[in-house]
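**Q** Residues per chain, in single letters:
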Amino acid sequence: MELIKQPWPWYVAGPLIGLIVPALLIAGNKAFGISSSLRHICAACIPANIAFFKYDWKKESWNLFFVAGIVLGAFITVIFLSNNEPVNLNPETIADLQALGIRSFDELMPEDIFNWSNVSRPIGWVFFLMGGFLVGFGTRYAGGCTSGHSILGLSTLQWPSLVATMCFMAGGFAMTHLFLPYLLKLL
Amino acid sequence: MKNLKYALLGAIFGGILIKAEVMSWFRIQEMFRLQSFHMYGVIGSAVLTGMISVFLIRKFNIKTIAGEPIVIAPKVFTKGNIYGGLLFGLGWAVTGACPGPLFAQVGAGFTVILVTLASAIFGTWVYGLIKEKLPH
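If you read the protein sequences in the order shown, they are chains A and B. So the first sequence is numbered by my numbering: it starts at 11 and just counts up by one. So the second sequence is numbered by my numbering: it starts at 3 and just counts up by one.
Keep in mind the hints are simulated off the structure, nothing from the lab. Model, not experiment: these values are computed from the prediction. It is possible that some hints are incorrect.
What the hints assert, rightly or not - A short, non-exhaustive set of chain B residues, derived as facing chain A with CB atoms under 10 angstroms: (1) I59; (2) K61; (3) N63; (4) I74; (5) L89.
Think of the CB as a built atom: it goes at the ideal place given N, C-alpha and C, for glycine as much as any other residue.
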């Protein structure tokens, strides 16, 4: 039980994530991918006569069950299978983030940024509204996210997925090193 | 119901995202600051495992549990892989999450991420709206 409650090292978690790819294929020819769920939600709730959302989303409803499962699985794991200790970060990362104004390192996410009172403040507009928009718009424009491109796409040796993955990383490095220091001044 | 198995697989995936702290904003920062191997190890070993699995499925002609042949749709290159990829990368470092981990953050009790998720759904919707005007 102690082993389960501790955070898992990469060499345990990574292969388990990789096994989701064949599990979905064998379960019913489903391609691992999460960002499509956002499209299905649009098609189901706000299609607005847009051609991109006119398709039979119900045929893809497995994907919505999959993401609902993620929420539930995360919830159960946090409540019953975690030791709830702070993330064991590299001290250099902590020092870098402290220099940028982050104060709380007790949980999986920094409370300084990710709390409800920030929804009405510019920091929240940047981290929730702009951040979420970039994730939703960018993944669909790219035709997939880390799961669909970086894991499924690379697993099946598809070069467009390699291009997409390199761009994901380039965007992330640019944000972290060029823009984030300014955005965190909003704290 | 046939969709329940996907909910179960999703739950397992969500659990792993927590156990490996992959949905942690801090871990994503560590990755983009090149200060830990953790995330690279997770993604790298996931890809390797996926690759070996797909190889075995093809080599032994493994079928689905319903007995159908397994088909994997090819990814077609568009300029969107580049432009969209860069935009998503920017968002990844801000939210500390790709779409899967966003759902896991909500499940982990960070309910304010519902706002991020709503914004991500809106972003997808706007893409659908202006898709024809974007370079692909």
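**Q** Hint by hint, note whether the structure agrees.
**A** To see whether the hints hold, each was checked on the structure:
1. I59: The hint holds - I59(B) has a Cβ within 10 angstroms of chain A, the shortest such distance being about 6 angstroms.
2. K61: violated, 12 angstroms
3. N63: Constraint on N63(B) not satisfied, violated at 12 angstroms.
4. I74: Status holds, d = 5 angstroms.
5. L89: holds, 3 angstroms
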